[in-house]
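Residue-level listing of the chains:
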Amino acid sequence: MATGNARNAVALAVALLALALFPFVAGKFGIDLVTKIMIYAIFALSLELLVGQTGLVCFGQAAFFGIGAYVVVLMSPQYEAVSIFWLAPLAVLFAALYALFVGALSLRTRGIYFIMVTLAFAQMAYYVFHDTPLGRGTDGIYLYVKPAAELFGVALVNLDKPVSFYYVVLGAAALTFAFLAVLLRSRFGRALAGIKANEQRMRAAGFSTYAYKLAAFTLSGAIAGFAGALFAVKDGFVNPELLAWHLSGSVLVMIILGGLGRLSGAVIGAFAYALLQEFFQSSAIFGVFSKHWLLGLGLTIIAMVALLPEGLAGLPAEWQRRMARKSARTERAGV
Amino acid sequence: MPASDVLMRGERLTRRWGGLTAVDEVSLALERGSVHAVIGTNGAGKSTLINLLSGEIPPSSGRVELKGQDVTGWTQPARARAGLGRSYQRTTIFPQFTVFENCRLAAQARRQRPWAWWERADRCAMATDSARRAAGKAGLAAESDRPAGLLSHGGKRQLEIAMCLASDPEVLLLDEPLAGMGAEETDRMLDLLAELREGHAILLVEHDMDAVFRIADRITVMVNGAVIASDVPGAVRANAEVQAAYLGGHQ
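Going down the list, the sequences are from chains A and B.
Just so you know, the working numbering puts 28 at position 28 of the first sequence, and the rest follows in order with no gaps.
Just so you know, the working numbering puts 23 at position 23 of the second sequence, and the rest follows in order with no gaps.
No lab work stands behind these hints: they were computed from the structure.
Keep in mind the model is a prediction, meaning the values are calculated, not measured.
Check the hints yourself; a few may be wrong.
[To be verified] Quick list of in silico lysine-lysine cross-link-like pairs, DSS-like style, CA-CA up to 30 Å: (1) B:K137 to B:K67; (2) A:K196 to B:K137; (3) A:K146 to A:K28; (4) A:K196 to B:K156; (5) A:K161 to A:K146; (6) A:K28 to A:K161.
With these hints in hand, go ahead and build the complete structure from the sequences.
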């Protein structure tokens with residue numbers, strides 16, 4: 001156990017260092033891509049809290065992401081920069097409020113019904129931005145002036161500069177990861193694990209599980225909204241597709257691919273999914289076939305999920321078990 | 001016995017499922033220091049009665065009292081926090097967690113502090129102490145670090161009792177704790193129940209008649225949801241109606 005923890009800590013430190021050094025070797029395209037992936041990683045972490053840690057399969061996570069993104073754009077005046085320290089909390093607040101509303105109603109259902117109800121509420125939000133003057137339709141809205149990152153009149157970083165923004169997102173992702181890692185060890189986190197393992201026993205012990213699940217759902221929506229706010233600042237553009245069920249599905253695939261039950265799985269899954277997508281979309285590799293990138297991506301994901309039941313993050317553990325079995329076999333053969 | 005020693009009381013509890021009356025006007029009292037057994041054939045309404053007392057199912061009519069308070073409208077978690085523990089007919093534990101973590105999480109229910117996200121759950125001395133004590137009492141001290149799912153069947157039943165004890169209840173509702181246990185495990189469980197009788201009020205639903213007559217201070221017999229007898233073991237054994245309806249060839 002202790003060695004496993006030490007190994008995890010080393011892996012985390014290496015990953016963080018690699019990401020911190022990445023802009024020194026990467027070009028504009030690489031920085032932009034990894035910034036996007038790290039935002040998706042925060043988004044995937046928000047869903048991992050629900051699906052992997054609490055056992056609640058939410059199929060409407062994009063709604064909170066999209067609301068966070070839209071709040072940033074809609075609350076920014078057209079010709080002047082607003083502080084990100086005002087916009088981001090606002091985005092988080094609105095996403096959390098919608099999650100509180102959706103959670104309060106959907107958590108009265110279970111299993112497949114929960115999946116469907118969360119999807120229905122996400123589609124509802126999608127159509128609000130798609131079909132009402134608020135969201136200005138399918139064309140979306142541009143963010144003409146990027147928010148300013150200043151505290152008490154002192155500019156901290158220029159969010160318009162891709163490299164600076166890269167580090168802001170890296171910091172945000174690392175903080176989100178650290179926050180959730182600490183949270184999962186707390187009483188609250190252990191209670192969520194208990195609810196996932198056996199909700200009936202938790203209620204018999206004296207935990208009001210509905211309140212716990214609602215708190216987890218709201219927190220998850222808040223984090224998704226935070227990711228959405230970063231996404232809006234990065235692209236300077238939002239459209240209703242940010243709330244669409246495709247994105248809810250993609251982020252589910254990310255955490256499954258990476259491995260449910262581990263925070264690192266969400267991050268690894270976000271990287272794997274986005275890099276696979278880039279790979280199959282590349283016309284340099286696949287020529288005209290790159291138009292059909294979804295086919296290649298889909299088949300690869302199916303194969304990976306079938307071969308790796310614990311996901312990519314479970315590979316080291318799986319490898320260790322195999323080695324142990326192998327050495328046990330050779331020992332028996334030797335005797 | 002003074003009236004204050006009645007820790008839990010069900011008054012004329014009734015539960016109907018459509019046309020079927022699963023529990024029919026059942027009244028019973030659970031006293032501190034006493035094991036109250038409820039026996040009856042399959043489908044007599046024993047588990048439903050436990051569910052009405054624990055708050056998992058609302059009664060169609062009647063009331064439930066816990067330590068002198070009317071808790072009929074309370075949820076199960078609220079009743080549990082007020083001092084009610086229960087075990088299930090089908091083992092209900094956290095199979096992936098260690099035996100210790102099963103008990104620790106149950107103990108955590110007494111000091112939940114869900115907002116304290118920065119505090120490590122396993123640093124709470126209250127919960128870790130109660131968990132260790134409960135595991136020891138149930139005879140699982142040596143198995144603390146094993147995943148609960150790997151315990152023997154009897155071990156899992158013991159763990160379920162340990163988890164009840166970890167949240168420090170005064171009333172225990174035990175639904176067939178001896179089901180599927182071997183003779184040796186049964187003896188150990190009965191010793192544990194005898195020990196727990198001190199300080200707890202215990203409701204025991206059980207099919208093993210030898211065990212029931214060995215440990216119960218009072219026996220209530222249910223047939224088709226209704227109580228046909230409720231008395232000390234000797235009187236119940238001698239009751240002609242009970243013999244006809246249930247005990248049959250026993251004795």
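Hints versus structure:
no.	hint	verdict
1	B:K137 to B:K67	holds, 25 Å
2	A:K196 to B:K137	holds, 27 Å
3	A:K146 to A:K28	holds, 18 Å
4	A:K196 to B:K156	holds, 19 Å
5	A:K161 to A:K146	holds, 10 Å
6	A:K28 to A:K161	holds, 11 Å
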